[in-house]
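Protein sequences, first through last, are from chains U and V. Just so we're aligned, residue 2 is where the first sequence starts under the numbering used here, counting upward by one. Just so we're aligned, residue 1109 is where the second sequence starts under the numbering used here, counting upward by one.
If you're looking for bench data, these hints aren't it; they were derived computationally from the structure. Here a beta-carbon is modelled for each residue, glycine too, at the ideal position from N, C-alpha and C.
To give a feel for the contact side, a few chain V residues facing chain U, derived at Cβ under 8 angstroms: (1) Leu1279; (2) Asn1342; (3) Gly1347; (4) Glu1410; (5) Tyr1430.
Computed list of lysine to any residue pairs in SDA-like fashion (alpha-carbon distance at most 25 angstroms, straight line): (6) U:Lys30 / V:Thr1136; (7) V:Lys1276 / U:Ser59; (8) U:Lys47 / V:Gly1347; (9) V:Lys1147 / U:Pro29; (10) V:Lys1380 / U:Asn117; (11) U:Lys30 / V:Ser1163; (12) U:Lys30 / V:Lys1113; (13) V:Lys1198 / V:Leu1156; (14) V:Lys1276 / U:Leu68; (15) V:Lys1434 / U:Asn111; (16) V:Lys1380 / U:Leu98; (17) U:Lys61 / V:Tyr1430; (18) V:Lys1434 / U:Ser106; (19) U:Lys116 / V:Asp1349; (20) U:Lys116 / V:Arg1219; (21) U:Lys91 / V:Gln1292; (22) U:Lys47 / V:Ile1414; (23) V:Lys1276 / U:Ile63; (24) U:Lys82 / U:Asn57; (25) U:Lys23 / V:Ala1412; (26) U:Lys82 / V:Trp1288; (27) V:Lys1273 / U:Ala96; (28) V:Lys1220 / U:His31; (29) U:Lys25 / V:Gly1309; (30) V:Lys1273 / U:Asp87; (31) U:Lys61 / V:Arg1416; (32) U:Lys23 / V:Ser1408; (33) V:Lys1434 / U:Asp87; (34) V:Lys1380 / U:Gly84; (35) U:Lys116 / V:Ser1343; (36) U:Lys102 / V:Gly1337; (37) V:Lys1220 / U:Asn35; (38) U:Lys30 / V:Ala1218.
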Amino acid sequence: MIFDRPTAYELLDSVSIFLEEKIKNELPKHLGFNVQIAINVINIVKREIREGNEINESSKKIILEMLNDQETTEALAEAIKEGQIDLENKDLQKALLEITKMKLSVDNPNYSSYKNLVD
Amino acid sequence: MEELKRSISELLLSEKIEGKISEITPLTGGASAETYKFKVTNKKKVSLMVLRKGSGATSPLAISKKDEAIIQNEVFQQGAPVAEIIAISKENSLLKDAYIMKLVEGESIARKVLRDKRFSEARKNLAFECGQALAKIHSVSLDAFSKVPRNDPKELLDNLYLTYKQFKQPLPVFEYTFRWLREQEFIEIEPSLVHGDFRLGNIIVNEKGLAAVIDWELVNIGNPIQDLGWMCVNSWRFGNDEKVVGGFGDLKDLIKGYSSISDLHINESEIKKWQVFGSLRWGVICLIQTFSHLNGPSNSVERAAIGRRVSETEIDMINLMYLGGK
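This is chain U alone, in the form it adopts within the complex (with noise of 0.2 angstroms):
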């Protein structure tokens, strides 16, 4: 790593935190809207950075057991549409589930169907 701290994930914790704190509540209620919003894509960054490329490796796996032959989100969308697999199959119900649960780590893990199912 040649780059110094702070580090990218440092970077933007600080600036989701000035515009917490500093930003939000001194601007017009539409504004103050779209603020709130920055903050959470900056959050959303955030966890990607930090989770991103693990998850991108469990994904993978997971697809890769369930072609045989590919990896790809692509390829699992390609399976299913074509009738490959069956709706019923109990391995691609899970691994639809995984997949997804670990996508809403990222987008939103406050969102209540997601945190009902990790508690």
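Dock chain V against the given chain U, drawing on the hints supplied.
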């Protein structure tokens, strides 16, 4: 603002309404509309009105604003709670595609309706009232609506699939859900007017209850259960997921309200299929908005962010299809 004021005056004059226009204030209007509240003062009285006009960014699923107004007018005649239409733009109007309606006082912001104390009484009966309003909307005669898109479940799915495909972002859970829905047998029901986006955010609630149904841009003609399923989609429960209807009510109350007006037999498992369809449809709408940001001329952090809400719809579909979720 001066230009907008002139356009509003012109539109009102076309219905012989005179007066001074003041206090033009933008409201949140949905993805493909701009909405403004304003005051009209003349010798007789002061009135509060709302202008709704096309924003230029049209969604592939949305109808024109003029058609929205014509439909609202019909629904108003049917006794459903909607704002009264005052004027509709003509071919040569300054505002090409717009209409003016009476302002209905109340709250449309979902989180406020769900949490503010002043709506605690209104919330108790809201699911029942939503059922009643939907039944009234569904009972409108279709003769006046030759321009409204008309689809059976299979065509709806095919159209949704084509829209999803154009973004070239293959999603395994979407493919699974499209197949799952194609394997379902939807009970055939006489097509009716369907609001298409009936949920918290698109209804105005006051202390007494449901005051008006707004935002008619996704209206279509099809299976009426579509609206009931959409109302139950988890994305509109804002975290109150034990309350299936919009985060405030129970399904049995929604059905009771519906049945107090309509003699259509409502089957809960049928609503569930349309709920799955609703989550999928919301997922595709998220894609539409995301790619209008990515490919469009202007930056929008809101539309960028919505791309990462697709996974929320995926977990909801999975939950409903094979985890026994509600």
